[in-house]
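Enquirer: Sequence:
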Amino acid sequence: MYGTSALWRAYLERRRAAVGGYDLNEPSSLGVLRRNLGITQTELASRLRISQSDLSKLERRVDWRLSTLRRYIAALGGDLRLTAIFRRR
1114 MYGTSALWRA YLERRRAAVG GYDLNEPSSL GVLRRNLGIT QTELASRLRI SQSDLSKLER
1174 RVDWRLSTLR RYIAALGGDL RLTAIFRRR
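Just so we're aligned, residue 1114 is where the sequence shown starts under the working numbering, counting upward by one.
FYI, nobody ran anything at the bench for these hints, they're computed from the structure. Treat the hints with care, since some could be wrong.
[Stated by the list, open to error] Here are the computed distance ranges between Cβ atoms for each label pair: (1) Arg1200 / Asp1167: 27 to 33 Å; (2) Ser1164 / Leu1195: 35 to 41 Å; (3) Arg1201 / Ala1119: 42 to 48 Å; (4) Arg1148 / Arg1178: 18 to 24 Å; (5) Leu1193 / Arg1162: 35 to 41 Å; (6) Arg1194 / Arg1148: 29 to 35 Å; (7) Ser1166 / Leu1189: 14 to 20 Å.
Nothing here was measured: the structure is a model prediction, and the numbers come from that model. C-beta: ideal position from N, C-alpha, C; glycine also.
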């Protein structure tokens, strides 16, 4: 299954370290962030008051609602900041 092997996760983590961030267009990005913070799916699901299986599905999503992403980041102990960059034409 996509994104579940240890080899695949290690590749993604090395890639993120090289570019210095997490790309939310990659399905496993938030799961990697959660694991890097030492938080299990069960623990985070409890904080969000959802089931572990629902959290697993949520972490595989690519298209996030801003309100859901804000709650997820807050449950990890972070603050969500959104930046828009406009390039001149």
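Enquirer: Are the hints correct? Go through all of them and say.
Expert: Going through the hints against the structure:
1. Arg1200 / Asp1167: 27 to 33 Å: 38 Å, violated
2. Ser1164 / Leu1195: 35 to 41 Å: 28 Å, violated
3. Arg1201 / Ala1119: 42 to 48 Å: 44 Å, holds
4. Arg1148 / Arg1178: 18 to 24 Å: 23 Å, holds
5. Leu1193 / Arg1162: 35 to 41 Å: 19 Å, violated
6. Arg1194 / Arg1148: 29 to 35 Å: 22 Å, violated
7. Ser1166 / Leu1189: 14 to 20 Å: 19 Å, holds
Violation of the numbered hints given earlier is confined to hints 1, 2, 5, 6; the remaining hints are satisfied by the structure.
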